[in-house]
Amino acid sequence: MSRQSQTESTRLFDNSVRQCVRYVFCREADKIPIKRSEILEQIAPEYRKKSKNVLVEVEKELKRVYGYKLVEIKDKDKILYIVVLDEACESPPSRTTDLLQKRILSGALTHIFMSGRPVKEDDMWSFLDKSGLLAEDNISGRKLLTQQFTKQLYLSYSKMGEGELARYTFDWGPRANHELPKKFILQKVAVAFGTDPACWSEQYKRTLQ
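With the UniProt record's numbering, letter number 8 in the sequence shown gets 8, and the count goes up by one each step, no holes.
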């Protein structure tokens, strides 16, 4: 390869990295997972078969400049990417939602974690209502959990069973698992009850995993 060809190749590679970083950073605001195909569209055709090399540099730049990391999520038959803070935080990041939505999301995640298993839909609405976070008859508010937080992968909303016995449950989604360490959840619960986190033995064990 001539020096001119090497220079052009380097330029294409660097441009692909910069374009991916810009695209990923802009997409971070809405928290909607990024499809692999959408990432590939930002890469010069000559480097799409070497996309892993490009993404390695993209991850370095995201961490160095913005303090973010790019996480690959396998969802059934497709690959998605989410952008999360490189360092753990005690609650969903401020850009995630407005204050009330953050409280609802934190409350839902806390209820699931302390329950030790996926939570039935009816139980979730009852908990949020009794906690003063979301009225049980607030249908539009429910869409935060069943649609918005689910699309953002903070929550998993799954159907269990068939026919009249079918029920929906909520569980932690991949983004929540990467952004919000369970130890912070348990610490806040312990403070609220004036006890030691270790008093909840099962939950405490899970924070150590």
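If you are wondering where the hints come from, they were derived from the structure by calculation, not from laboratory data. Treat the hints with care, as some may be off.
[Claimed, not checked] Here are the simulated DSS-like pairs of lysine-lysine, each with C-alpha atoms no more than 30 Å apart in a straight line:
{"#": "1", "residue 1": "Lys188", "residue 2": "Lys130"}
{"#": "2", "residue 1": "Lys35", "residue 2": "Lys151"}
{"#": "3", "residue 1": "Lys78", "residue 2": "Lys60"}
{"#": "4", "residue 1": "Lys76", "residue 2": "Lys63"}
{"#": "5", "residue 1": "Lys49", "residue 2": "Lys35"}
{"#": "6", "residue 1": "Lys151", "residue 2": "Lys182"}
{"#": "7", "residue 1": "Lys143", "residue 2": "Lys182"}
{"#": "8", "residue 1": "Lys102", "residue 2": "Lys74"}
{"#": "9", "residue 1": "Lys102", "residue 2": "Lys50"}
{"#": "10", "residue 1": "Lys130", "residue 2": "Lys63"}
{"#": "11", "residue 1": "Lys130", "residue 2": "Lys143"}
{"#": "12", "residue 1": "Lys74", "residue 2": "Lys50"}
Each hint, compared with the structure:
Between lysine 188 and lysine 130 the CA atoms are separated by roughly 18 Å; this keeps the pair inside 30 Å, and the hint holds. At most 30 Å may separate the alpha-carbon atoms for a hinted pair to count; lysine 35 and lysine 151 meet this at roughly 13 Å. Using a Cα cut-off of 30 Å, the hinted pair lysine 78 and lysine 60 holds, with the two alpha carbons roughly 24 Å apart. For the hint pairing lysine 76 with lysine 63, the CA-to-CA distance comes to about 28 Å; that is within 30 Å, so the pair holds.
With a C-alpha separation of about 16 Å, the suggested pair lysine 49 and lysine 35 falls inside the 30 Å cut-off, and the hint holds. Our distance criterion of 30 Å between C-alpha atoms is met by lysine 151 and lysine 182, whose separation comes to about 21 Å. For the suggested pair lysine 143 and lysine 182, the alpha carbons sit about 24 Å apart, so the restraint of at most 30 Å is met. For a cut-off of 30 Å, the pair hint linking lysine 102 to lysine 74 stands: about 26 Å separates their Cα positions.
Simply put, lysine 102 and lysine 50 have alpha-carbon atoms about 38 Å apart, too far for the 30 Å limit, and the pair is violated. Using a Cα cut-off of 30 Å, the hinted pair lysine 130 and lysine 63 is violated, with the two alpha carbons roughly 40 Å apart. Restraint check for lysine 130 and lysine 143: the C-alpha separation of about 18 Å stays at or below 30 Å, so the hint holds. Between lysine 74 and lysine 50 the alpha-carbon distance is near 19 Å, which keeps this suggested pair within the 30 Å criterion.
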